Amino acid sequence: MPDATDRRILRQMLADPDASNADLSRRAGVTQASLWRRLDKMRETGVIAAIQSRIDWRALGWEVEVSLRFTLDKTNPRAFDDFIAAAREVPEVIEIQTFLGSVDLRLSVIARDMAHWQQVYRDRILTLPHVSDSDALMLVSTIKDSAELAL
Amino acid sequence: MSGLDATDLAILRILAADATTSAAEIGRAVGIGQPAAWRRIRKLGDQRILAGRRVVVDNAALGFGVTVFLGVRLAAKGRTSLEDFERAVTAIPEVQTVQHVLGQFDYRLRITARDISDFERILRRRIMTLPGVGQVEANVMLSEERRPGPLGASGPEAR
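These protein sequence lines map, in sequence, to chains A and B.
Sequential numbering from 6 applies to the first sequence in this note's numbering.
Sequential numbering from 9 applies to the second sequence in this note's numbering.
Just chain A, same shape as in the assembly (with noise of 0.2 Å):
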């Protein structure tokens, strides 16, 4: 269980993912030895489950981001396994999310721009298992996107 210094080490480090372990240590008042341990303890336990490097897709190319919402035929028991499946051997899916609500599942799918959304769209995403209905969300802009928790 993360304790009161851990929190303040997560918070430090969700606002500013991208700080040294030298300010870290510093502003969460600890000394890098114990940040250290802190850390390596964390990632152990899984508390920080992972530090990845963030793509910009934009800079690579991808011009376009789209989120795909759809509700699938649950009457097929199969469905979400078959559609997850299917859908991570689209290249162009980034995110696979799950709900409980109106939409039962989300993907977000780039392309390098429209005439090739089309044919992704067209080729890899109409032929998806088990769907009964999909809406289309296009990415204009992303204001905020940060990790940070109330902690």
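By construction, these hints were calculated from the structure, which means they are not laboratory data.
Nothing here was measured: the structure is a model prediction, and the numbers come from that model.
Some hints could be false.
[As the list claims (entries may be wrong)] Here chain B is said to cover these stretches of chain A; the calculated rule only asks that three of the stretch's residues, wherever they fall, bring their Cβ under 8 Å from a Cβ of chain B:
id : stretch
1  : 14-27
2  : 59-68
3  : 129-143
[To be verified] Facing chain A, according to a computed beta carbon distance under 7 Å, are these residues of chain B, among others:
id : residue
4  : Leu23
5  : Ala27
6  : Thr28
7  : Ala59
8  : Arg61
9  : Val63
10 : Asp66
11 : Ala69
12 : Val106
13 : His108
14 : Leu110
15 : Thr120
16 : Ser151
17 : Glu153
[Stated by the list, open to error] Keeping only pairs whose Cα atoms sit at most 25 Å apart, straight-line, the calculated SDA-like set for lysine to any residue is:
id : chain 1 : residue 1 : chain 2 : residue 2
18 : B       : Lys51     : A       : Val69
19 : A       : Lys149    : B       : Arg154
20 : A       : Lys149    : B       : Asp54
21 : B       : Lys51     : A       : Ala55
22 : A       : Lys79     : A       : Ile89
23 : A       : Lys79     : B       : Val148
24 : A       : Lys149    : B       : Ala24
25 : B       : Lys51     : A       : Trp67
Backbone N, C-alpha and C fix where the C-beta goes; we use that ideal spot for every residue, glycine too.
Using the hints provided, position chain B relative to the given structure of chain A.
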């Protein structure tokens, strides 16, 4: 685009999984020396393709058991109403993500809460009171999976 080769894409795949991998380990994994790996990593950073780090925490272990996505429609649209809404919504600490979208909704919000009653408090006191907010749809997230994306391993470029 950006003149990336298969080695660059392999480096991106490794770092997207674990940003703490050292240049020496990356070099070994992709079959180049440490200085060459380091130069490539720095170039990917200079091109802003590597855009900082993401710390993924176990929200539930920290007492945040509920993640909800909200689709929000604004009641009135105009430049000032967008700006007022965006300014107010980004200031809410429980709102992690704000995306301006085109479609059935105007905005997508990702909200983390301790539990459903905490979410209800956030929804009533902070979201429904936002300037210009109209129709709101909530979906509680059950699971989430980030995929490596089209970085060549099984993508069309590799075939």
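Checked hints:
Evaluation of the coverage hint for the stretch 14-27 of chain A: fulfilled, as 5 residues show C-beta separations to chain B shorter than 8 Å, against a requirement of three. Remark: the stretch 59-68 of chain A is confirmed as covered by chain B, as 8 of its residues place a Cβ nearer than 8 Å to a Cβ of that chain, reaching the required three. Check result for the stretch 129-143 of chain A against chain B: holds, 4 residues qualifying (beta carbon to beta carbon below 8 Å, three or more required). About 4 Å separates the beta-carbon of Leu23 of chain B from the nearest beta-carbon of chain A, less than 7 Å, and the hint is met.
For Ala27 of chain B, the suggested interface contact is upheld, since its CB lies about 4 Å from the closest CB of chain A, less than 7 Å. With a cut of 7 Å, the hint placing Thr28 of chain B at the interface with chain A holds, because the nearest CB-to-CB distance is about 5 Å. The interface hint given for Ala59 of chain B is met, as the beta carbon of that residue sits about 4 Å from the closest beta carbon of chain A, less than 7 Å. The closest approach between the C-beta of Arg61 of chain B and any C-beta of chain A is roughly 4 Å, which is under the 7 Å cut-off, so the hint is satisfied.
Using the Cβ-Cβ criterion of 7 Å, the hint placing Val63 of chain B at the interface with chain A is satisfied: the shortest such distance is roughly 5 Å. Because the smallest distance between the Cβ of Asp66 of chain B and any Cβ of chain A comes to about 5 Å, under 7 Å, the interface hint for this residue holds. Look at Ala69 of chain B: its Cβ gets to within about 5 Å of chain A, closer than 7 Å, so that hint holds up. Given the 7 Å rule on beta carbons, the hint for Val106 of chain B holds: about 4 Å separates it from the nearest Cβ of chain A.
For the restraint placing His108 of chain B at the interface with chain A, the shortest Cβ-Cβ distance is roughly 4 Å, inside the 7 Å limit, so the hint holds. For Leu110 of chain B, the interface hint holds, the least distance from its beta-carbon to any beta-carbon of chain A being 4 Å, beneath 7 Å. The interface hint given for Thr120 of chain B holds, since its Cβ lies 6 Å from the closest Cβ of chain A, which is under the 7 Å cut-off. For the restraint placing Ser151 of chain B at the interface with chain A, the shortest Cβ-Cβ distance is roughly 5 Å, inside the 7 Å limit, so the hint holds.
At about 4 Å, the closest approach between the beta carbon of Glu153 of chain B and any beta carbon in chain A falls short of 7 Å, and the interface hint on this residue holds. Restraint check for Lys51 of chain B and Val69 of chain A: satisfied, since their Cα atoms lie roughly 24 Å apart, inside the 25 Å limit. Distance restraint check for Lys149 of chain A and Arg154 of chain B: the Cα-Cα separation of roughly 18 Å lies within the 25 Å cut-off, and the hinted pair is therefore satisfied. A C-alpha spacing of about 22 Å is found between Lys149 of chain A and Asp54 of chain B, which places the hinted pair at or below 25 Å, so the restraint holds.
With a CA separation close to 23 Å, the supplied pair Lys51 of chain B and Ala55 of chain A stays within the 25 Å bound. Taking the CA atoms of Lys79 of chain A and Ile89 of chain A, the gap is about 14 Å. The hint holds against a cut of 25 Å. With a C-alpha separation of about 18 Å, the suggested pairing of Lys79 of chain A with Val148 of chain B holds against the 25 Å cut-off. Under the criterion of a C-alpha separation no larger than 25 Å, the hint pairing Lys149 of chain A with Ala24 of chain B is consistent with the structure, at around 20 Å.
Between Lys51 of chain B and Trp67 of chain A the alpha-carbon distance is near 19 Å, which keeps this suggested pair within the 25 Å criterion.
Of the hints listed earlier, there is not a single one the structure fails to meet.
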